[in-house]
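Mind docking chain B on chain A? Use the hints.
There are 2 protein chains.
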Amino acid sequence: MRKTIRQTLPIAALLVGFGTGALADDGPHDKAIKARQAMFQLYGFNIGILSAMAKGKMDYDADIALEAAENLDAAANLGQSQFWPQGSDNETEGNARTRALPVIWSTFPAIVEKADALKTATAALVPVAGNGLDELKGAMGDVGASCKGCHDDYRAEKK
Amino acid sequence: MRKTIRQTLPIAALLVGFGTGALADDGPHDKAIKARQAMFQLYGFNIGILSAMAKGKMDYDADIALEAAENLDAAANLGQSQFWPQGSDNETEGNARTRALPVIWSTFPAIVEKADALKTATAALVPVAGNGLDELKGAMGDVGASCKGCHDDYRAEKK
Chain A
27 MRKTIRQTLP
37 IAALLVGFGT
47 GALADDGPHD
57 KAIKARQAMF
67 QLYGFNIGIL
77 SAMAKGKMDY
87 DADIALEAAE
97 NLDAAANLGQ
107 SQFWPQGSDN
117 ETEGNARTRA
127 LPVIWSTFPA
137 IVEKADALKT
147 ATAALVPVAG
157 NGLDELKGAM
167 GDVGASCKGC
177 HDDYRAEKK
Chain B
27 MRKTIRQTLP
37 IAALLVGFGT
47 GALADDGPHD
57 KAIKARQAMF
67 QLYGFNIGIL
77 SAMAKGKMDY
87 DADIALEAAE
97 NLDAAANLGQ
107 SQFWPQGSDN
117 ETEGNARTRA
127 LPVIWSTFPA
137 IVEKADALKT
147 ATAALVPVAG
157 NGLDELKGAM
167 GDVGASCKGC
177 HDDYRAEKK
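Taken in order, these protein sequences are the chains called A and B.
Quick note, our numbering runs 26 ahead of the 1-based positions in the first sequence.
Quick note, our numbering runs 26 ahead of the 1-based positions in the second sequence.
The hints are simulated quantities; they were obtained by calculation from the structure and are not laboratory data.
Any given hint might turn out to be false.
Here are the simulated distance ranges between beta carbons [to be verified]: (1) A:Thr146 x B:Asp168: 31 to 37 Å; (2) B:Asp168 x A:Lys81: 18 to 24 Å; (3) B:Gln112 x A:Gly158: 25 to 31 Å; (4) A:Lys81 x B:Lys81: 28 to 34 Å; (5) A:Gly113 x B:Lys83: 17 to 23 Å; (6) B:Gly74 x A:Leu159: 37 to 43 Å; (7) B:Asp142 x A:Lys185: 41 to 47 Å; (8) A:Glu161 x B:Asp142: 28 to 34 Å; (9) A:Pro135 x B:Asp52: 34 to 40 Å; (10) B:Lys184 x A:Ala182: 31 to 37 Å; (11) B:Asp52 x A:Lys185: 19 to 25 Å; (12) A:Ser132 x B:Met84: 24 to 30 Å; (13) A:Asp52 x B:Lys145: 31 to 37 Å; (14) A:Thr118 x B:Asp51: 33 to 39 Å.
We treat Cβ as the ideally placed atom computed from N, Cα and C, and that holds for glycine.
Pulled out of the complex, with its shape left as it was, chain A reads as follows (with noise of 0.2 Å):
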């Protein structure tokens, strides 16, 4: 058994490397791509505590909440002209495992529509997020609607 996994692991890890892209970033844009998702992880990580708090699964903490929408604002608010280079799209070959449709190049610049949106959205938490779970509840739903008007159009469904 152990001699049947040492074998098959490379061609097995090369498999899951192309699928995943987590095991090298030689594709031509998979800088870029990882960059992206770098944001998009601290999209996530932050609008995941304050919805853990909104949602009474975590405990309110000011600082915290307060960190938390600074942070999210922060990462909405980086420039972006260089995490998506024409070609990064999921439909490319090559790429690292993204899910980011062509319609976002053949459609540019709708799409900062949505990155806007965001930006609003955040502006309008980071003055309320420590002022206690009410006000942060009231400014979590376009936050949640901002992310989701742009899943909507432009990424593709998990596989």
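Then chain B, alone, in the frame of chain A:
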């Protein structure tokens, strides 16, 4: 051959997943580990652009340089209170892959000096990054030194 791969892939994928933490985030600190790694990914991507320009591997472009400097500064100023939970080091079992040494926690808040050195360096970089290659180069040394200062003390060698 195809059959062999199909039969052994689940086991191999499990092993790869265990090794890299790329396929799950089920460890108690994995979300935090991935959030800080996203921050580092953004450091690296933006420093990579600026270094490529400084070394003549990429044409200097004032707008792109300024954007990369601003992104780096934004990433350096993210609030990190939730990124480094106790037990999220590279020796504690059950964590996603991390190179964060336990000394980070045993000497805390010493590491904050390193983070502050990076913030100081990026604050000096932003106003000059768009002013031409010479000014960019002049401000990159302190950025690189601050990266190295932290990595030398707090990051495990690559295996």
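Range hint compliance [Cβ, Ser132 of chain A to Met84 of chain B, 24 to 30 Å]: Check passed, 27 Å falls within 24 to 30 Å.
C-beta pair Lys184 of chain B, Ala182 of chain A: status relative to the range 31 to 37 Å that was hinted: 33 Å, holds
Status of the given 25 to 31 Å range, CB of Gly158 of chain A versus CB of Gln112 of chain B: Once the Cβ atoms are compared, 28 Å apart, the range 25 to 31 Å for Gly158 of chain A and Gln112 of chain B holds.
Thr146 of chain A versus Asp168 of chain B beta-carbon gap, inside 31 to 37 Å or not: This hint holds: roughly 35 Å between Cβ atoms.
Verdict for Lys81 of chain A, Lys81 of chain B (Cβ pair) under range 28 to 34 Å: 48 Å, violated
Assessment of proposed distance window 41 to 47 Å (beta carbons of Asp142 of chain B, Lys185 of chain A): This hint holds: roughly 43 Å between Cβ atoms.
Beta-carbon spacing of Asp52 of chain B to Lys185 of chain A - inside the hinted bounds 19 to 25 Å or not: 20 Å, holds
Distance restraint hint 18 to 24 Å, applied to the beta-carbon atoms of Asp168 of chain B and Lys81 of chain A: 43 Å, violated
Leu159 of chain A and Gly74 of chain B - C-beta distance against the hinted 37 to 43 Å: For Leu159 of chain A against Gly74 of chain B, whose Cβ atoms are near 41 Å apart, the range 37 to 43 Å holds.
33 to 39 Å as the expected CB spacing between Asp51 of chain B and Thr118 of chain A, which holds or is violated: Given about 27 Å between the Cβ atoms, the range is violated.
Outcome of range test on Cβ distance (Glu161 of chain A, Asp142 of chain B; 28 to 34 Å): 31 Å, holds
Outcome of range test on Cβ distance (Gly113 of chain A, Lys83 of chain B; 17 to 23 Å): Holds - the Cβ-Cβ distance for Gly113 of chain A and Lys83 of chain B, about 20 Å, lies within 17 to 23 Å.
In the structure shown, a violation is registered for the earlier hints numbered 2, 4 and 14, in ascending order.
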